[in-house]
Amino acid sequence: MAAQPDDDPRYNLPLRPRRLRQTENIRRMARKTRLSTDNLIAPQFVMDGKNDREEVSSMPDTYRHTIDRLVDHAETLHDLGIPAVALFPAIPDHLKTPDAEHALDPDHLYPNAVRALKDAVPELMVITDTALDPYNSDGHDGIVREGRIDNDATIEVMCQMALLHAEAGADIVAPSDMMDGRVGAIRDALDSAGHTDVAILSYTAKYSSNYYGPFRDALDSAPEDKAETPDKDIPENK
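In terms of the working numbering, the sequence shown opens at residue 1 and continues consecutively.
If you are wondering where the hints come from, they were derived from the structure by calculation, not from laboratory data.
In this text, a Cβ means the ideal position worked out from N, Cα and C, and glycines have one as well.
There could be a bad hint or two in this list.
What the hints assert, rightly or not - Restraint ranges, calculated between C-beta atoms of paired labels, are given here: (1) 38 <-> 98: 34 to 44 Å; (2) 106 <-> 43: 21 to 31 Å; (3) 97 <-> 35: 39 to 49 Å; (4) 61 <-> 36: 48 to 58 Å; (5) 31 <-> 153: 43 to 53 Å; (6) 192 <-> 97: 21 to 31 Å; (7) 197 <-> 80: 19 to 29 Å; (8) 14 <-> 80: 39 to 49 Å; (9) 15 <-> 148: 49 to 59 Å.
Using the sequences and the hints, build the whole thing.
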């Protein structure tokens, strides 16, 4: 086939992106996105007890670990090159209350687990779940009053939770609710207490979805009533 003339407007293309897709080496060099173990965060579930684990029925091969078993597992994850864990607590029912007071106990399961992880594997990033549903007898992410979630009262508790997690050694706090204004309030609380290096990983959008079912099962925190939910509706895309 004859070469096309340079002045033919059909072939005088200002951009030819296929140049960067000609060979595997070119593709590798020009690739903007790379996925490796450096990008992974391992969700981990912690429960009370010693030297024990329980399988989460809705997530086969996923377990709730006691703190000692959690530390052993975290060391394995770190040896595999996984840089971070996201930690979720399975709180016994008798410690759950409508105001989630147990979340603010400085010596309960969760901050003790954070401390144990950072003591055993200091280089491992620990991301803490800053949410009320594991501690709330209603199973909601917020304080329920008269059938509605009180946004501002919930944020006050979440700020105290974030401080507790930071003091235990958390590298990142992750508010997993959808309360209005909670990220700014948590940032102010952390900075005012001197925890300026603790980062916030916000759940920018959380939908009212059955996809959260397995996590709810793992924490035994499914809502028991039909109180207003702060989560976004599935059809809503903004």
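These are the hints, each one checked on the structure:
Separated by about 42 Å at the C-beta atoms, residue 38 and residue 98 satisfy the suggested range of 34 to 44 Å. About 24 Å separates the C-beta atoms of residue 106 and residue 43, a value consistent with the hinted range of 21 to 31 Å. Taken as a hint, the range 39 to 49 Å holds for the pair residue 97 and residue 35, whose Cβ atoms sit roughly 42 Å apart. Hint check: residue 61 to residue 36, Cβ distance near 22 Å, so the stated range 48 to 58 Å is violated.
For residue 31 and residue 153, the hinted distance range of 43 to 53 Å is satisfied, since their beta carbons lie about 47 Å from each other. Here the CB-CB span from residue 192 to residue 97 is close to 27 Å, well matched to the stated 21 to 31 Å. Between residue 197 and residue 80 the beta carbons are some 26 Å apart, a value that agrees with the proposed interval 19 to 29 Å. About 46 Å separates the C-beta atoms of residue 14 and residue 80, a value consistent with the hinted range of 39 to 49 Å.
Look at residue 15 against residue 148: about 55 Å separates their beta carbons, and that is inside 49 to 59 Å.
In this structure, only the earlier hint numbered 4 is contradicted, and the remaining ones agree with it.
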